[in-house]
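Chains as they are written, first to last, in this note's numbering: chain A, 672 to 1430; chain B, 54 to 693.
These aren't lab readings, by the way, just hints derived from the structure by calculation.
Among the hints, erroneous ones may be present.
In silico DSSO-like cross-links for lysine-lysine, where the CA-CA straight-line distance does not exceed 27 Å [to be verified]: (1) B:K426 with A:K1032; (2) B:K582 with A:K1063; (3) B:K426 with A:K1062; (4) A:K1033 with B:K542; (5) A:K930 with B:K582; (6) B:K400 with A:K1154; (7) A:K1092 with B:K542; (8) A:K979 with B:K349; (9) A:K1290 with A:K1384; (10) B:K223 with A:K1317; (11) A:K930 with B:K370; (12) A:K1317 with B:K216; (13) B:K549 with A:K1052; (14) B:K588 with A:K1377; (15) B:K349 with A:K948.
Here the structure is a predicted model, which is why all the values come from computation and not from measurement.
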Amino acid sequence: MADKKCTIYIVDVGPTMWQVKRDEGGIALDLARKALLAMLEAKVFAGLKSDVTGLLVFGTDETDNQLNDQTPGEYENITTLYPIEQPQLPILRTVNNNMPHGNVQADAFDAIIVALNMMEEYCKKLKFTKKIYLFTDGESPINQYDFDRVSSQILDQNIELNVLGVDFDDPDIGLRQENKSENKKRNEQFLRKLADTCKGTIFSMEDVLRQLSKPYIRPVKPMPVYRGSLTLGDPQTYGSASLLIEVELIARTMKAKPKSFKKYSALAEAANNIENKTYEVSHSRTYSITVDENVNEKVDVPQDELDKAYALGKTFIPLPKQDENIFSFETTPCLSIISFIRTEEFRRELVLSNVFTVVPKKDEPVAAQRLSSFIHVLYEKDSFAIVRYVKKPLESPKLGVLVPYIKPPKECLYFARIPFKEDYRRFTFPSLDRIVTKTGKELDVHEYLPTDEMLDKMGNFIENLDLMNAATDGKGNSREYLKVKECYNPVNVMIKKAVSHKALYPEESLPQPDPALKAQTRMLPSLVEKNKELVEEMRALFKIKEVKGKGKTTKRRFADANVVIEQNLSLDQLLNNDNTLENGKKPKSENGDREDSLMLDKKDSVREVGLTDPLGSFKEMIANREEDLVTQAVEQMCQVIEHFVKSSFGASLYEKALECLKLLRETCAKENESEMFNKFLKDLKTLVFTCNPSKTDFWELLGSNKLTLISNKEADDSSITENEAEEFLKTKFERKSIIETADEEQMPTDELLNLMDDD
Amino acid sequence: MTSSNTITSSWASLSDRDQDEFDAEEDIEEEAKKLMTSNRDAVLFVIDASSSMLRANQSDEATEIPFRSAVQCASEVMTSKLISDTTTDLIGVVFMGTQKSSNTLQKEHIYVLHSLDSPDIQRVKELNYIASGDVDFDNEYGSTDDEYPIGDVFWVCSELFNKETSKTLKTKRIFLITDQDNPHVSNSVLYSTAITRARDLTESGIQINLFSLNKPDHPFDFNAFYSEIIHSDELDEIPHYSAQKNFDSLISQIMAKESPRRSLFSIPFRLFGGDEGIPELTIGVKGYAMIIEKKKPAPRMIHMRSETTRLAESRTKYVCMDTVQELMPDDIKYCYEYGGEKIAFTKAEVAELRRFGQKGLNLIGFKPSNAAKFHYNVEHALFLYPDEGQFEGSRRTFAALHKKMLEMSKVAICYLVKRDNSLPSFVVLEAQAEKLDEDKRQIFPPGFNMIPLPFADDIRPLPPHAEITPAPDEMIDILKPIVDKLHMKGGFDPNKFNNPELGRFYDVLQALAFDKEVPLGVEDLTNPKYTTINKRVGSIIEAFNDESDRQSVELLANRMTIQSKKTSTTRGTRGTRGTTRGSGSSDSIDIKSLWEQDKLKTATVDQLKTYVQTTGAKPARLKADLINQVEEYLSSKSSN
């Protein structure tokens, strides 16, 4: 049973509201419109039938209201724009751009009486939360007759009266508006008296607008998700030797998602010849099966030919039709304690659900007292309880934790779910503060380890970015910044804003994001300013470099460097080309200080295209600005590719070779090395067709990737035409298929062995 | 037919309701699942069957045969893959050091029991059979201590992996379980060939994970042979090489490696600036889900009418109700019912609305570590680790931040957009220190726990009845000892609690698969141990209940007087209002207004009965039921 609400808005549209420019600029009516629109939009967005509104304006040239109907001549110049009903788009449109502008000064008190009458008639004796909002500048004369009768009626009927005055005094902040007309003074005084008498409130319009600019959260009525007992021990077996407390579980946090979007037919929207469009989209599901894996063709099957099944590995097990509940087992609702743990033993990050409040059953003082005992026991013992939770009969049990919370006069337990074994995965990650080599040696200095200087600076950084005093309150005192209660979900806000905006301005694009919300997503400008210099220093110290070209390359550089040396397998050795020393690379050491030499090597620039990370090292050599290693890199890369192709088990290394080849081609075209590439590719072609077994399938890969010679269209230094380049790939396509089938099938194992031993 | 509308059957049959794609795609669980199907894992168990592996380990209290334990491990891993949603993973089992041989390369002493394939119930059965020792091992496989080239083992493995050419196969791993630290002590040719072979494996992206076992008389020497071939992908993927003492430690190490680390996202962590004129400090981080709720899988639709059972794919067809035409994705807009009209947005507009800020993690600042209050929780946490792949130097910067935050007991407050289409949230980063066990094996990895904070919108106030007069100290003191008496040793460890729902599900599924009788119950470890509880704290609770009874007499007496005051005042106002209303029977007015004030309990049973009778219903006997009857009647009346 949703609480029913009835609200009447009364807006002054008399001449002073729109003919007089305010000192601050603009007209009073615009302020009133803005405030009213915001209030109405919140109601329209919620879309509740039980939340009804009416709109009265006074100061209009005409008169249209029910009291005037009954007693013509009285209650003049008051117009009912919208009777009491659920507010919909029309009222928003009216308020937004179609408010009447009256030329008559009408009586605000009269308008209140009309509103009371409307409300009485609509609500009768039913239970409603009743509110009246009066928007006025208080310039029009007010007939104060019948004050007592009206004010007691407002009180009797429990109506909340709110007066939103334009340029009224604000005693709360000691604001006094000067230069007020006599009329305004008198009326303001009268309205203040009225509000005081019937426990109403006077707001200044600015204040209201400020309040309304904050996102509005609609309160949710607390609804228990579980009503039952919290137990320790088994009351059925052990009776009074077991603990039983009647409790309720009520959500403490719950993701507030806006209503989801519905599908809407753009075809219907575009169609001109249809009346009463619904724009609705229906959906149906069809099923198909693949009959022959080799042919990628699907055949539709009717749903009644299908059965539901579960997969157990590769096996499908059809669901037994007669017994749908076969998988469930008997449980009874409970919240029963399994055991206790100490607070410090609990890992906060294990909490996997939203949080519920455990409170005593409503109006059960004994349950409250017993629960309180338990809360205090946990609190004083600095412990949590682990519980089994079953929400409904037959529902499967969950694990949860109970945490005491005491903040007088309130106290409760918090409940949240924690993982089962199946929900929890153990990953291991390399240590962050020590590097252990394979030989078991721990390193203190390493590029992955921060130096003391780095740590100091980071400490300052953390200190400087403390949020506990980063914000200032209204009185200039510092206070905590970004409390959870101040962080509104920007997407929810944006959706509301966009829907309201689009409803009123269908042709316009989406509204801009709220600047205040946008600002919350970044560091406070004051903190940025304060830390600029420190961060400059940190930048110099930490030397963070963005990795260009989408990951992969340097990601494993260190590890790779490691591998190359530990494997004692360098390309040079592989090719029996002993230029190790010439390349400036230290010869590998045989003893245990490998990791140390590794450290030193790391500092040098890369001079070798390695087997393990050819792409990365190649790129780095090309990028070397200090010396020109391009030709060297290209040469080595050619060798690497050749090695990959030759030593591939089946197609296992083709992917890698292909990647290298792609990069090589790209680089050569750019770096004036096209001739070298073209020569290499021709050699490679010969190689794949002549080697034993042949690697023609690799050639096929080149074809499908269009990896051919670099043409003179791509690079100036090439002498190959585009046609030649195309031909180059094609010519082998035909020959390939014959050789391939012959070789693939008959390749004897011995030869494979030979191939392997070649290296 | 458009492919974008076609969803593969495994997801499509989740439910028949029209899942809003904008809501569905947000689900991180879904993301994780997608990640798993697109990043398949292949694990090949290679288990040493030489004679020392078959001898019972006498030094342990429980006699264990290492080989059987290893097979048991393989079985457990296969089972866990079998019952997970990620049935696309592959697994295989190879024995080495067997008398008999079975492999396509015809290499001696290598027995391929299962080539790489999806996990299967029959295979699990077979492994369990071998692990149980019931199998005639000597006859079926036999054991040898002859020297055979270990390089052949790697070759056979390579062959097995090479048959799987699927692009979605992202990790290929060998789990090698052996107690032989140097297979070729005296044969240097075989020694170096083995090393070359092993490196070739690594070269083609196959990782070797070694699970070494000590021989009773000879501890496993990692440097004898394996240090030459085991190099991890990342420097210290295997941080500590220590041999496993027994089955428990073996299985725990294997299970720790069972799920390959797969990151959910890789994003920049903006520590500072980035705007014009402001120095930038940005590192790379990767996010992992250590906790993901595993649920019963959704049934799939299969077609059993032809010879082979086939999985059906489903496709959702959208039809415009006005034009009766089928709608292509471009023909669909999204709308909101607002003020009686439909406000339509294009798909791009909806996506724009959901996007609030760039992908990444923005540092806002730091707070004391108690800022991550317990009730600031809406969903499970994620884990962050530095990513050198995006920014070089990420690791040392991350490490510095991590270390200082631990030292200073601070947490970081950040704004997170996980992916381009993800909804944003504020998060708390809590530094988690690395924790090792006595064998220097990692229990908790170092990194940040990233706890999503609720928005203001997500927090509900405490209900009014959380207002409680604190219990008297006597009651608290009596009850206090229960905490120590029922303390869970070592804190809460999720591994101690299997989910009984999943357990039941797979028990039944297996029973159905083998046409066995469906078991009645299930092992449910969440059931409290009532006898122990009674033994340890029964008398304490009894004393507490006695005290509670005593206190409640007083409590209720006090309450009566307060209540009688309250009712007298309310009655007063009701009286005056009653005169203005003037109609209706006094009884029914009373009940209704009591209901309105949620005070039905204060009415007598007779009053309630009379009222229920006036509604034409048969009054129940108990007061609680009567109240329910009244509540139902009145709320149905008021909502009409």
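Does the structure keep B:K582 and A:K1063 at a Cα separation of 27 Å or less?
holds, 21 Å
Check the hint pairing A:K1033 with B:K542 against an upper bound of 27 Å on the C-alpha distance.
violated, 35 Å
27 Å limit on alpha-carbon distance, applied to hinted pair A:K930 and B:K582
It is violated: about 44 Å lies between the C-alpha atoms, which goes past 27 Å.
Does A:K1154 sit within 27 Å of B:K400, going by the straight-line distance between their CA atoms?
At roughly 33 Å apart (the allowed maximum being 27 Å), A:K1154 and B:K400 break the hint.
Against the 27 Å threshold, does the CA-CA distance of A:K1290 and A:K1384 hold or violate the hint?
Status holds; Cα separation ~24 Å.
Pair hint outcome, A:K930 versus B:K370 [Cα-Cα no greater than 27 Å]:
holds, 23 Å
B:K426 and A:K1032: Cα distance at most 27 Å?
OK: B:K426 and A:K1032 at ~25 Å, within 27 Å.
Quickly compare the C-alpha distance for A:K1092 and B:K542 to 27 Å and report which way the hint goes.
holds, 17 Å
27 Å limit on alpha-carbon distance, applied to hinted pair B:K426 and A:K1062:
holds, 25 Å
Within a Cα-Cα threshold of 27 Å, do A:K979 and B:K349 meet the stated pairing?
Holds - the C-alpha atoms of B:K349 and A:K979 are around 14 Å apart, at most 27 Å.
Satisfaction of hint between A:K948 and B:K349, Cα-Cα up to 27 Å
violated, 42 Å
Does A:K1377 sit within 27 Å of B:K588, going by the straight-line distance between their CA atoms?
violated, 78 Å
Consistency note: the structure conflicts with the earlier hints numbered 4, 5, 6, 14 and 15.
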